[in-house]
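Same order as they appear, the protein sequences are chains S and L. With my numbering applied, the first sequence corresponds to residues 28 to 214, in that order. With my numbering applied, the second sequence corresponds to residues 28 to 214, in that order.
Don't take every hint at face value.
The list treats identical chains as one, so a pair stands whether inside a single copy or across any two.
Calculated pairs, SDA-like style, for lysine to any residue (alpha carbon to alpha carbon, straight line, at most 20 Å) [to be verified]:
no., residue 1, residue 2
1, Lys69, Trp195
2, Lys177, Thr50
3, Lys69, Leu96
4, Lys142, Leu32
5, Lys179, Trp92
6, Lys73, Gly190
7, Lys177, Leu81
8, Lys208, Ala67
9, Lys142, Asp31
10, Lys142, Met28
11, Lys69, Val188
12, Lys35, Ala185
13, Lys35, His203
14, Lys30, Glu141
15, Lys69, Asp186
16, Lys69, Glu210
17, Lys69, Pro205
18, Lys142, Thr34
19, Lys193, Gln122
20, Lys206, Leu54
21, Lys30, Val140
22, Lys75, Arg154
23, Lys69, Asp91
24, Lys30, Gly143
25, Lys142, Leu29
Rather than coming from a laboratory, the hints here were simulated on the basis of the structure.
There are 2 protein chains.
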Amino acid sequence: MLKDLVTKNRSYRRFYQDVTISTNSLLELIELARLTATGANKQSLKYKLINNSLENEEVFSCLDWAGYLADWEGPEEGEKPSAYIIILNDTRIKQNPNYDVGLACQSILLGAVEKGLGGCMFGSVNREQLRESLTIPVEYDITLVIALGKPKEEVVIADVVNGNIKYWRDDEHIHHVPKRKLENIIL
Amino acid sequence: MLKDLVTKNRSYRRFYQDVTISTNSLLELIELARLTATGANKQSLKYKLINNSLENEEVFSCLDWAGYLADWEGPEEGEKPSAYIIILNDTRIKQNPNYDVGLACQSILLGAVEKGLGGCMFGSVNREQLRESLTIPVEYDITLVIALGKPKEEVVIADVVNGNIKYWRDDEHIHHVPKRKLENIIL
Numbered sequence: 028m029l030k031d032l033v034t035k036n037r038s039y040r041r042f043y044q045d046v047t048i049s050t051n052s053l054l055e056l057i058e059l060a061r062l063t064a065t066g067a068n069k070q071s072l073k074y075k076l077i078n079n080s081l082e083n084e085e086v087f088s089c090l091d092w093a094g095y096l097a098d099w100e101g102p103e104e105g106e107k108p109s110a111y112i113i114i115l116n117d118t119r120i121k122q123n124p125n126y127d128v129g130l131a132c133q134s135i136l137l138g139a140v141e142k143g144l145g146g147c148m149f150g151s152v153n154r155e156q157l158r159e160s161l162t163i164p165v166e167y168d169i170t171l172v173i174a175l176g177k178p179k180e181e182v183v184i185a186d187v188v189n190g191n192i193k194y195w196r197d198d199e200h201i202h203h204v205p206k207r208k209l210e211n212i213i214l
Numbered sequence: 028m029l030k031d032l033v034t035k036n037r038s039y040r041r042f043y044q045d046v047t048i049s050t051n052s053l054l055e056l057i058e059l060a061r062l063t064a065t066g067a068n069k070q071s072l073k074y075k076l077i078n079n080s081l082e083n084e085e086v087f088s089c090l091d092w093a094g095y096l097a098d099w100e101g102p103e104e105g106e107k108p109s110a111y112i113i114i115l116n117d118t119r120i121k122q123n124p125n126y127d128v129g130l131a132c133q134s135i136l137l138g139a140v141e142k143g144l145g146g147c148m149f150g151s152v153n154r155e156q157l158r159e160s161l162t163i164p165v166e167y168d169i170t171l172v173i174a175l176g177k178p179k180e181e182v183v184i185a186d187v188v189n190g191n192i193k194y195w196r197d198d199e200h201i202h203h204v205p206k207r208k209l210e211n212i213i214l
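With the hints as extra help, turn the sequences into a complete structure.
Take a look at the structure:
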């Protein structure tokens with residue numbers, strides 16, 4: 028049932044790094060994105076797939092991890108993502124992909140959850156460094172990076188208290204994500 | 028399986044208008060959006076649910092249908108959507124919802140397909156008229172409108188030929204949507 032996938036699809040930031048993800052698995056996720064709607068059907072998004080340890084490390088070094096966890100700089104060796112999908116916008120087709128990126132991301136991430144994987148989206152990316160290290164041509168805007176792996180952490184949904192939406196970790200490393208209640212998001 | 032939902036989740040524009048959609052069904056779709064990731068977990072999106080014939084007509088009159096079908100102005104009476112979800116951004120929380128709208132939309136639309144419904148996203152909306160007719164406060168930006176109903180048309184995926192991505196209808200009113208091939212969207 029879709030609700031199970033949506034509920035399990037949390038932002039995971041610690042993984043079993045030794046569980047690799049095949050290129051074929053990544054292509055199956057891109058196939059989901061390919062079948063997903065795009066504004067005016069223009070399909071300007073393109074995908075760069077990364078799943079070898081050398082390039083994984085290059086991508087990893089361009090990401091800014093978990094803004095609200097001030098004393099955590101990202102996963103340690105052994106808990107890093109096993110793969111990445113870099114979502115590029117082909118500016119020759121469309122200047123601003125608008126809602127297309129989010130639509131594609133959700134298909135990819137739900138697909139990852141269905142495979143027993145999990146991911147995290149990164150908008151906070153050192154794009155200049157990433158472009159240079161992976162030789163991404165200038166006509167492709169780097170929109171988002173999705174990190175993927177087999178999750179090694181528990182993420183639970185909590186209520187928003189006093190308007191505070193910052194996620195936090197407890198002493199047992201369980202990650203809590205406050206969500207606004209349904210009645211508070213219906214106008 | 029998710030791929031079935033993603034494949035069936037096409038943009039539908041003709042519906043069995045007499046098949047109504049309950050407020051409870053719409054709330055179940057918003058629950059999926061509520062559980063979906065948002066940038067920095069800020070959750071600035073809010074939702075206005077429309078499923079009565081008077082307001083349906085008001086929303087309908089604000090939408091611009093199927094840009095590529097020059098000789099079709101939208102569904103006739105009897106084939107119009109039974110409900111709408113208007114996705115609003117609470118600008119007091121976040122100025123630009125970025126990828127959040129697409130992420131939420133995909134959850135909502137996949138949920139609709141699971142219920143035997145289908146939808147279509149509208150970015151081309153007469154926002155001024157919509158705001159006035161539904162009395163939407165100025166602090167909420169109107170991002171997208173999702174039209175929903177029980178689909179009354181067949182939508183099939185085709186290959187892109189000569190770079191032409193415009194969808195088209197054949198003599199039997201089957202709607203064809205050209206999609207780029209997988210190998211053409213991997214960098």
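Evaluated hints:
| no. | hint | result |
| --- | --- | --- |
| 1 | Lys69 with Trp195 | between (39 Å within a copy, 14 Å between copies) |
| 2 | Lys177 with Thr50 | within (15 Å within a copy, 37 Å between copies) |
| 3 | Lys69 with Leu96 | between (38 Å within a copy, 15 Å between copies) |
| 4 | Lys142 with Leu32 | both (10 Å within a copy, 15 Å between copies) |
| 5 | Lys179 with Trp92 | within (16 Å within a copy, 46 Å between copies) |
| 6 | Lys73 with Gly190 | between (37 Å within a copy, 15 Å between copies) |
| 7 | Lys177 with Leu81 | within (19 Å within a copy, 49 Å between copies) |
| 8 | Lys208 with Ala67 | between (33 Å within a copy, 17 Å between copies) |
| 9 | Lys142 with Asp31 | both (13 Å within a copy, 15 Å between copies) |
| 10 | Lys142 with Met28 | both (14 Å within a copy, 11 Å between copies) |
| 11 | Lys69 with Val188 | between (42 Å within a copy, 13 Å between copies) |
| 12 | Lys35 with Ala185 | within (14 Å within a copy, 33 Å between copies) |
| 13 | Lys35 with His203 | within (13 Å within a copy, 34 Å between copies) |
| 14 | Lys30 with Glu141 | both (12 Å within a copy, 10 Å between copies) |
| 15 | Lys69 with Asp186 | between (39 Å within a copy, 13 Å between copies) |
| 16 | Lys69 with Glu210 | between (36 Å within a copy, 16 Å between copies) |
| 17 | Lys69 with Pro205 | between (36 Å within a copy, 10 Å between copies) |
| 18 | Lys142 with Thr34 | both (15 Å within a copy, 18 Å between copies) |
| 19 | Lys193 with Gln122 | between (32 Å within a copy, 18 Å between copies) |
| 20 | Lys206 with Leu54 | between (32 Å within a copy, 16 Å between copies) |
| 21 | Lys30 with Val140 | both (12 Å within a copy, 12 Å between copies) |
| 22 | Lys75 with Arg154 | within (14 Å within a copy, 36 Å between copies) |
| 23 | Lys69 with Asp91 | between (30 Å within a copy, 17 Å between copies) |
| 24 | Lys30 with Gly143 | both (15 Å within a copy, 15 Å between copies) |
| 25 | Lys142 with Leu29 | both (14 Å within a copy, 10 Å between copies) |
In the structure shown, no violation is registered for any of the earlier numbered hints.
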